[in-house]
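Asks: According to my numbering, the sequence shown holds residues 477 to 723 in order.
Watch out, some of these pointers could steer you wrong.
[Claimed, not checked] With beta-carbon atoms standing in for the labels, derived distance ranges:
hint: 1; residue 1: E628; residue 2: A538; range: 34 to 42 angstroms
hint: 2; residue 1: G711; residue 2: P626; range: 27 to 35 angstroms
hint: 3; residue 1: Q547; residue 2: A588; range: 23 to 31 angstroms
hint: 4; residue 1: Q631; residue 2: R657; range: 14 to 22 angstroms
Since the hints were derived computationally from the structure, they do not count as laboratory data.
What you are looking at is a predicted structure, and each value in this text was computed from that prediction instead of being measured.
We treat Cβ as the ideally placed atom computed from N, Cα and C, and that holds for glycine.
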Amino acid sequence: MTKTLTEKAQTEKLFVPYIMAGAQGLDNLPEEIAMLVEQGAAAIELGVPFSDPVADGPTIQAAGLRAFEHQVTLKKLIAVLQEIDSAVPLILMGYSNSFFHYGIKQLVEELAGTDVQGLIIPDLPYEHRDLAVPELGDIALLQLVSLTSPQERIQQLVAEAEGFIYAVTVNGITGTDQNFRQDLLDHLAQVKAVSKIPVLAGFGISRKEHVENFQQVCDGVVIGSKIVQSLQENGTKKTGELIAQII
């Protein structure tokens, strides 16, 4: 995945959407993935529902609850992913408890042959990444870089990072109603300057002007809550039309 995204970023800005897997039922997941690919997704993040999603705002929390109502589990999600043929890499985004309780070794074995090429675990500190990395094989563990990370820490975080750098644009949780710091572009430029792989801005990006602003200094954006909300309110087709207006 690292090579694919790095090469792609040399000629175009990257768009990585996030959706909550199974929020509309797992039967709808193949259609949602196909729509996101059609709208130009370079990779797709699939949220794994969890009972205490500390990094997620109200929109994604509500989507996780809907997924639970549809009786979505990590095991059921993997079974669906084993039948899906995605044209772009898929990334599972979830919390430590979900993956470690399942078992990293078993997870990797069952993901073999799927299009899952990365994991994002927001509550797994960099210092504890060795709890997962030795078992992951070809699956990348993507790294988040926060606004509060000093330059020395940023260099440490990006040194061994894979896939892309997820540059968090707010202090706090995900959501569409965010106020971005005045010096945010300078911070993102600092991350970009020391990273050998694409840097994508994420959290709170919901409008075209956000995308255009962050693309000045980053290789692309991650959009989640806006898409999750639209899928719930408008369905797959109209969400595709919305994405086309933003990207």
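Asks: Decide, hint by hint, whether the structure agrees.
Replies: Cross-check of the supplied hints:
Between E628 and A538 the CB atoms are about 38 angstroms apart, so this pair conforms to the stated range of 34 to 42 angstroms. Checked against the given bound of 27 to 35 angstroms, the beta carbons of G711 and P626, roughly 44 angstroms apart, lie outside it. The hinted range of 23 to 31 angstroms is satisfied by Q547 and A588, whose Cβ atoms lie roughly 25 angstroms apart. Roughly 21 angstroms separates the CB atoms of Q631 and R657, a value that falls within the hinted 14 to 22 angstroms.
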